[in-house]
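Please arrange chain R on chain C, whose structure you already have, making use of the hints.
As you go down the protein sequences, you meet chains C and R in turn. Counting from 1, one number per residue, gives the positions in the first sequence under the numbering used here. Counting from 1001, one number per residue, gives the positions in the second sequence under the numbering used here.
The set of hints was computed from the structure by calculation and includes no laboratory data. Glycine included, each C-beta is placed from N, C-alpha and C at the ideal position. Keep in mind that the hints are not guaranteed to be accurate.
Claimed, not checked - Restricting the straight-line Cα-Cα distance to at most 25 angstroms, the calculated cross-link-like pairs of lysine-lysine (DSS-like) are:
1. R/Lys-1208 - R/Lys-1121
2. R/Lys-1208 - C/Lys-17
3. R/Lys-1121 - R/Lys-1017
4. R/Lys-1263 - R/Lys-1121
5. C/Lys-312 - C/Lys-17
6. C/Lys-17 - R/Lys-1118
7. R/Lys-1066 - R/Lys-1121
8. C/Lys-138 - R/Lys-1017
9. R/Lys-1208 - R/Lys-1263
10. R/Lys-1066 - R/Lys-1208
11. R/Lys-1263 - R/Lys-1206
12. R/Lys-1206 - C/Lys-138
13. R/Lys-1017 - R/Lys-1118
14. R/Lys-1066 - R/Lys-1206
15. C/Lys-111 - R/Lys-1017
16. C/Lys-138 - R/Lys-1121
17. C/Lys-17 - R/Lys-1206
18. R/Lys-1208 - C/Lys-138
19. R/Lys-1121 - R/Lys-1023
20. R/Lys-1208 - R/Lys-1023
Claimed, not checked - Stretches of chain C that chain R covers, calculated by requiring three or more beta carbons in the stretch to come under 8 angstroms of a beta carbon on chain R:
21. 44-58
22. 64-77
23. 102-112
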Amino acid sequence: MAEAILTEGLTRHFGPKVAVNHLDLRVAQGEVFGFLGPNGAGKTTTVRLLNGVLTATAGRAFVLGYDVATDGSEIRRRTGVLTETPSLYEALTARENLLIYGDLYGVPEDKLPRRVEALLEQFGLGERADERVGSYSKGMKQRLAIARALLHEPPLLFLDEPTASLDPLAARMVWDMIQDLSHREGRTIFLCTHNLAEAQRLCDRVGVIDHGVLQAVGTPRELARQLWHGLWVEVDLHGEPPASVSEALGRLPAVLSRSVDHGKLLLEVEDEESIPEVVAAIAAAGGRIYSVTPREHTLEEIYFEIEGNSNKAEGLKGQGGR
Amino acid sequence: MSWNWRAMRAIMRKDLKQVFQNKMVWLPMVIVPAILLVLFPGVAVVLPRLLDPAELEFEDLGRLLKGLPPQFQTMLRGLSVSQQFTVLMANFPFAPMFLIIPLMVSSILGADSFAGEKERKTLEGLLYTPISDTELFLAKVLIALIPAMVVNVASFVLYGLVVNLAGYHLVGRVFFPTAPWWPLVFWLGPAVSVAGLGATVLMSSKAKTFMEAQQASGMLVLPILFLMIGQLSGLFFLSVELILLIGLLVWGIGLWLIWIGSKTFSRGELIARI
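The following block holds chain C by itself, in its conformation from the complex (with noise of 0.2 angstroms):
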């Protein structure tokens, strides 16, 4: 699949401060792609780049196949960007707010009444149109932030906290919107989030960003493959599991490390093909099985054992560098 976005050694300084270094990323056009971070980990600044707002200080990055160098208003018509504050004409109402971008963007004069109505009703602002925009609720001005960026249907959108100031139902609607706009339109999403049940729920993969430095890349199941050894099984035996099991268990090295938690044993197995054998050895040892379920480390694990590494080697580093 082509790629809609390619960093390689994409670094930004200011003075002495690096806020991206040697990003190297590949995100494939029609994926949501989740970039994680805490505050100040260089995430901002990655959008900034990639859509030519910000140039480089080293390093090259190609968006949608134009080099943000030299094409920048290229890729910025081509790209929506959701701002981590919405950037609204706050004395102008919500109509003059999309026309005037419609017009930023370039949508076809004789379109743009008629995309500018739509928006306003799938987003739920219809009604309220032709009021200030100052007058809305946050949750209102988030929304019309996002009928904004799509307002000239870029292929590649970049949404920094979506659902921030969303309430439940609002934030339901963003995260169907932004799988529709994936799954079904085919549009790139670079999702910038804190929630990460929300890059759980959206995300086909995930980087991990801190310290300007991209820390880890890949499927959730990938990450958790690299920060942990083995798979984790979940076996229930309605009970501590009698002591043949254990030490049946004890014999076989595939099984790496076992535990109990909340009366279910926990097995840490060497992967996906050593379930078989495991289930086996228990019920050979008198184990009665009522269920095995694979146990997937949710994408909150994985983000903190990442920062929890990230800030031991900046700590090192540190203490390295005194």
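The following block gives chain R in isolation, referenced to the frame of chain C:
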């Protein structure tokens, strides 16, 4: 390179709409010309009716008359003191004050357009659109300059109408404008607008608020006051030649300030300061 006029028009339209929604911005632009249009004709036309002609022969008027070039002295010859007072007051002492109008309009609109965008946190969204840095800069310069020119010329036309209509019965003919008004309004006025805007643009790159940015051009009122006091005191007379010369200097300074401002106006610089 072809300009994206549609995008530039959208920015100008948006800036203008915002101006009309903000009293703090548009009120001074209405009040100052209104004062000039009411106060000056009042002084020029109503005062001679209220005062005894003998009282009008005050020292300043005499000094002003002496300072006038011969062609203006010829123009005033044969007129009564009241008529001379009316013609003089309408044409000479307060003429430099008219320069305040284009200066004020361009600097207020410039401050609102450049620094106001930053203050309202709307700049970032704009920087993510396809419009180029040059187009964005040009749109913002034009939205400050075009209204300044329009208000400048409209004030001149209105002032001319009011003064001539109000003083016609006394003087018996159209007595405004005299020759220096033409370069004042169409040469020096635009130059002052450009200089005011240039100073505002430069300040806007550092300023965080509309008020901070606008204060810069406040300093430019001082040379205008100097011109007014100089002419009132008879120190010099703003002849066509002198206005053209001053205009040339102010155009030079204004364009230089705008050029420097345009250098600081790049997406990278702007977004780093948000």
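Checked hints:
A hinted pair counts as satisfied when its Cα atoms are at most 25 angstroms apart, and R/Lys-1208 with R/Lys-1121 qualifies at roughly 10 angstroms. Restraint check for R/Lys-1208 and C/Lys-17: the C-alpha separation of about 23 angstroms stays at or below 25 angstroms, so the hint holds. Using a Cα cut-off of 25 angstroms, the hinted pair R/Lys-1121 and R/Lys-1017 holds, with the two alpha carbons roughly 17 angstroms apart. Between R/Lys-1263 and R/Lys-1121 the alpha-carbon distance is near 22 angstroms, which keeps this suggested pair within the 25 angstroms criterion.
Between C/Lys-312 and C/Lys-17 the CA atoms are separated by roughly 19 angstroms; this keeps the pair inside 25 angstroms, and the hint holds. Between C/Lys-17 and R/Lys-1118 the alpha-carbon distance is near 24 angstroms, which keeps this suggested pair within the 25 angstroms criterion. For the given pair, R/Lys-1066 sits about 56 angstroms from R/Lys-1121 by alpha-carbon distance, which is inconsistent with the 25 angstroms threshold. Restraint check for C/Lys-138 and R/Lys-1017: the C-alpha separation of about 23 angstroms stays at or below 25 angstroms, so the hint holds.
For the hint pairing R/Lys-1208 with R/Lys-1263, the CA-to-CA distance comes to about 19 angstroms; that is within 25 angstroms, so the pair holds. About 49 angstroms separates the Cα atoms of R/Lys-1066 and R/Lys-1208, which puts this hinted pair outside 25 angstroms; it is violated. For the hint pairing R/Lys-1263 with R/Lys-1206, the CA-to-CA distance comes to about 13 angstroms; that is within 25 angstroms, so the pair holds. For the proposed pair R/Lys-1206 and C/Lys-138, the alpha carbon gap of about 29 angstroms is over 25 angstroms, so the pair is violated.
For the proposed pair R/Lys-1017 and R/Lys-1118, the alpha carbon gap of about 17 angstroms is at most 25 angstroms, so the pair holds. The straight-line distance between the Cα atoms of R/Lys-1066 and R/Lys-1206 is roughly 48 angstroms, outside the 25 angstroms bound, and the hint therefore fails. For a cut-off of 25 angstroms, the pair hint linking C/Lys-111 to R/Lys-1017 stands: about 23 angstroms separates their Cα positions. Simply put, C/Lys-138 and R/Lys-1121 have alpha-carbon atoms about 15 angstroms apart, close enough for the 25 angstroms limit, and the pair holds.
A hinted pair counts as satisfied when its Cα atoms are at most 25 angstroms apart, and C/Lys-17 with R/Lys-1206 qualifies at roughly 21 angstroms. Of the supplied pair hints, the one linking R/Lys-1208 and C/Lys-138 holds, its CA atoms being roughly 24 angstroms apart against a limit of 25 angstroms. For the hint pairing R/Lys-1121 with R/Lys-1023, the CA-to-CA distance comes to about 19 angstroms; that is within 25 angstroms, so the pair holds. Our distance criterion of 25 angstroms between C-alpha atoms is met by R/Lys-1208 and R/Lys-1023, whose separation comes to about 20 angstroms.
By the rule of at least three residues with a Cβ nearer than 8 angstroms to a Cβ of chain R, the coverage given for the segment 44-58 of chain C holds, with 6 such residues. With 5 residues carrying a beta carbon less than 8 angstroms from a beta carbon of chain R, the segment 64-77 of chain C meets the three-residue requirement, and the given coverage holds. Counting residues of the segment 102-112 of chain C whose C-beta lies closer than 8 angstroms to any C-beta of chain R gives 5; at least three are required, and the coverage claim holds.
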